[in-house]
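Colleague: Top line first, the protein sequences correspond to chains D and V. Just so you know, numbering that gives the first Met the number 0 puts 0 at position 1 of the first sequence, and the rest follows in order with no gaps. Just so you know, numbering that gives the first Met the number 0 puts 421 at position 422 of the second sequence, and the rest follows in order with no gaps.
Hints may be right or wrong, so weigh each one.
As the list claims (entries may be wrong) - Computed footprint of chain V on chain D; a stretch qualifies when at least three of its residues, placed anywhere within it, have a C-beta under 8 Å from a C-beta of chain V:
#, stretch
1, 116-127
2, 199-206
3, 288-294
Just so you know, these hints were derived from the structure itself, not from any lab. Glycine included, every Cβ here is placed at the ideal spot set by N, Cα and C.
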Amino acid sequence: MLHALLLVGVQTIVLLVVAPFVVGLIRKVKARLQCRRGAGVFQPYADLAKLFRKQPVVSTTTSWIFTATPYILFASTLAAGLLVPVFASKMPLNFAGNIIALVYLLALGTFFLILAGLDAGSAFGGMGSSREAIVASLTEPAMILSIFAIALTAGSTNLSTIVHKTALLEGIVTDPAPHLMALAALFIVALAETGRVPVDNPATHLELTMIHEAMVLEYSGRYLALVEWAAGIKLLVFLTLIANVFAPWGIATTHTPAAIGIGILVYLVKVSGLAVLIGTIESMFAKLRLFRVTDLLGVAFILALLALVFFYILRG
Amino acid sequence: MPRAMTPVERVTEAFGAAIAEVSAVQGTPMLRVEKEHVPVVAHYVHTHPELRGTLSLLWAMDHRPREARSELYYLFTLRERREWLLLRTELRGEDRLFRSITPHIHAAKWYEREIRDLFGLIPQGHPDLRRLVRHEHWPKGTHPLKKEFSWNTVLQRQQGEYRFRHIEGEGVFEVPVGPIHAGIIEPGHFRFSVAGEPIMQLELRHFWKHRGVEKLFEQQNLATAVPLAERVSGDTTIGHSLAYCQAVEALLGLEVPRRARYLRSLFLELERLHNHLGDVGAICNDTAYVLAHAHCGRMKERIMQLSDRLTGSRFLRGANQVGGVAVDLTGAQLAEVVTELDAIEPDFSELERILFANASLTDRLETTGVLKERTAWDHAVMGVVGKATGIDRDLRRDRPFAAYDELQVKVSVYRYGDVRARMRVRMDEIHESMRLIRDVRERIPQGPITAEPSGVPVAGDSRCEILRSCSGPRFSGRYWGTSSRTSR
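The following block holds chain V by itself, in its conformation from the complex:
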């Protein structure tokens, strides 16, 4: 029996001429593809029964002023093996056009629109070239992630109008919701076309508060950007800072001590706990079952106060640093964490029983908002929503980071794809997080909590590239870093 072909071998065999270069970034195979062949290669990776790659991330880089070229990176997660495959293509000189893969891979739709807005690179053949991030009041030609765009540029406001798709007909009404809402939530505009109660079409308009975080990162040096990473998303401090720190550590060739890796897992699970508890409560609140919201809020508050006692921040800010963690926990503190969890878990289990014994609540959750597996697949859904739809992926298990190679993460997967399944995934993860934290306490070794600084990038050549990922409660984040000796 012949040896099974690797993904790279398959792609190179099928498109020998289109592949310009085969390399690897930290063990992830990377294929450089000539730009006109990107759609066919991507389509092949996406649909080939042995590969079935979902587009996990698509991003661009502007190499000017050092080199007159831009690059596009397509990161695929291969379905069965949960391996990564990177495609890369170059736009040389002043070339601003690239081939859209959206007609083949739906998940690329917003990425490509965003790249067009932020880099000024135009996806040819994209079915929808309206502005996405760059709202109409931004002046024409503003592309903030181009290197020549200065981070402190003040933009003139201009008039413009976003063209919503309209559905016309008797009894069809448009209901605009947001961007300002009655509750305290992030701005988002939703335009429903409804015929009575059924929704015929929904258009989303987001990105009302573009903070230019990516641009701000360019102004930081490697070590001082951690607080910025912590603030990318308000409630995902550890998720973002950990992904960032891991990228930097890989760049610098730092070996994070085991104790620090355990503490990182502990902090990440604490963060997952307070997010999931908040979300379970919020789901109940939106069905007007406020009682459960109040109790979830109470438990969430206990976790946040615990976080505050451990790290001095309710949101665990300042816990991570490049090379390890900034906060060490004593044996007594670890015991306190476990005691607190031992107090919360029976409480939560009781709430769980109450929730699922309440017919009026389960009636609201079951068959509500069903996401079909096929749709989820087309949109490259991951995280809680993916797990509720049968997409069995979790970076903690599939590509272990922090201490997850030694802690065995059990991933719970449901198939129904409705609100109840998503709530169940969160509830199971709450129990699993508590178990993991207890496990951390059992296994955590003594030792230093930061790596010895080495000070020099690991790569011998002038540039090195790195891809690091981390899965937080709300996101699965990846930081791509390049560094050169001359730059910061």
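Same shape as in the complex, but just chain D:
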């Protein structure tokens, strides 16, 4: 029991600590590619600390939803993070580690964020919420299908089982085509869900083009800190999914301290690599027109669907 609590505790800490680092690393990569020196990779920690110390300003027209949302968002995102195998494939919470639970825990946070965007009654909040709802409803099917394609190979929707089996090379199809297609689909979903270029621009100052930023414009102080931190964790959850579902090698398959130590190190390397990749991609593309986002997410959906079809074809 104590052992299980310890493992969950370590995973929580890893998620909380690594999330701002990933955000900082992406910014650093982008800065370097722009010939800028950029802020240090640990700048987001300082930003969070600053925001937590600041007094939040809350509009008088808001309801309880506005103040409750940051906590719900933070909690649901963190809970979603605990369902994903991070550094060890067999986790104590794996009885709940279902893909469907993961998708809807993330959706719960998004849902409340959309409500909070509407709550303050500001024009941008409503606009951001409406756009986020479009993006969210389009990413959901693509996300579920792409993970299902992997679940079929492993014969389970339980993330721990999927990762564990893949890590031990059990049940892997000889042809990697479905995996690669599902990976591409999930990567597009990750960019869309976490508000990155080419779907959304996290660094924009143009209110009219914002999606995620428009929803959270009204937040300040510790509420903003929670929202930002949750956004970082969400990004990390997606990177973890990509890293561990598609390339789980190096993850701890046993619970010895040495295995877990290696697991954490390998995890950091994998996640950093993905962060560099995202930073590079963000530097290579312009943001899509809002109405083209549907096309991109349509592509993700088709890729995920093809992955499923290919799985059955290849299995004969």
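Given the coordinates of chain D, assemble chain V onto it according to the supplied hints.
Modeller: Chain V alone, transformed into the frame defined by chain D:
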């Protein structure tokens, strides 16, 4: 075959009785029209197939206390010949009413509202008489460009409300943007009426920082107003100061030496370079393609540091003065300019290739923000936006000033009117500016850089009038000067 009629002959033939006087200002024909006939004459100039005049500027003057009258001037640029035609009308005594030409010429809309705000003259028949410059917190009856208004008047703040046009209906929302923005940009209020994503109406509210620049000019004397002209617009130092200096020089009858005219062209092109480089970057930045923004920023910075080394000011302030330029460049400095440009140009060309090879970027630029030629024509659009819409006008070529009569400016014109076309115009102008600067270095003669002061206005009578123009990267500016022996 009969001789082609001049524009003046055409107008006088059509409206003989309405034209009170025909004269010329520095070669630009000027017709004095009785005020009740202004709308028909203006409409004629605007629509006649041989004239097709676009309203380039509309301004007013208050002649009190010397004479109890106000005057309105309408400057038209005739389409085919790119010639100017000035219409002038008088309001005598305490007459405050004039006929609006906005119902015929859309481009006059804001000019007339501004004249009403600043001079207290009322355009009769104007479709929209809401305040424009004079925001609602200005007290009633405040018209700062009237001569009796003192430049240092402190205004009491009052309450008031601007009436925005509302669109009502199911699913129609108003989105107010600004005047305070998330980025560091000038204040401007934009009110969108949207139904979902499509914009049904946009209302603009500007002029949040009225500095009273025109009034401040009245407090200066001719030579000391150059620093003020340099600061009319932060990034258009040379454009404004050059237009101003040229107006004053024409008033004083100063002949600017050739070397100074070449240097003025060089400075103006440097200014165009740093503005255009900044703008190309800003367009990319707004599509979230920050990489290009960073590289444009780097190149812009090189130009600005070069400007700093040449003149001691990153914005080229203090380079111009009445009668010539204040800064002479040695042969080594001119060589340095060319070396710097030789280093930047391949860099920029490479960036250009990267930009147009990037499908995600060109998808954002093409068919975005299309300005139709007809709309551009109705709004008398000029400059980069005009050139991107097929309006082939450039003051440097059409009415050469500085050294542009000897430097051949190639004007690039695109027809599509979208963001890509506007970016292309800027990029082509960057190359053209670099070419012009190299040309300046080849051709620049030796000699003095300032004119000998003559000290007396050129005109023999007590008043003289002058109109001088200059086209900078962001504007096409015209300074109208009148001077009398008694005034400054």
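Colleague: With reference to the structure, classify each hint as holding or not holding.
Modeller: Results for each hint:
1. Taking a C-beta to C-beta cut-off of 8 Å, the stretch 116-127 of chain D contributes 4 residues in contact with chain V, enough for the three needed, and the coverage statement holds.
2. Counting residues of the stretch 199-206 of chain D whose C-beta lies closer than 8 Å to any C-beta of chain V gives 6; at least three are required, and the coverage claim holds.
3. Counting residues of the stretch 288-294 of chain D whose C-beta sits closer than 8 Å to any C-beta of chain V gives 4, which meets the bar of three, so the coverage hint holds.
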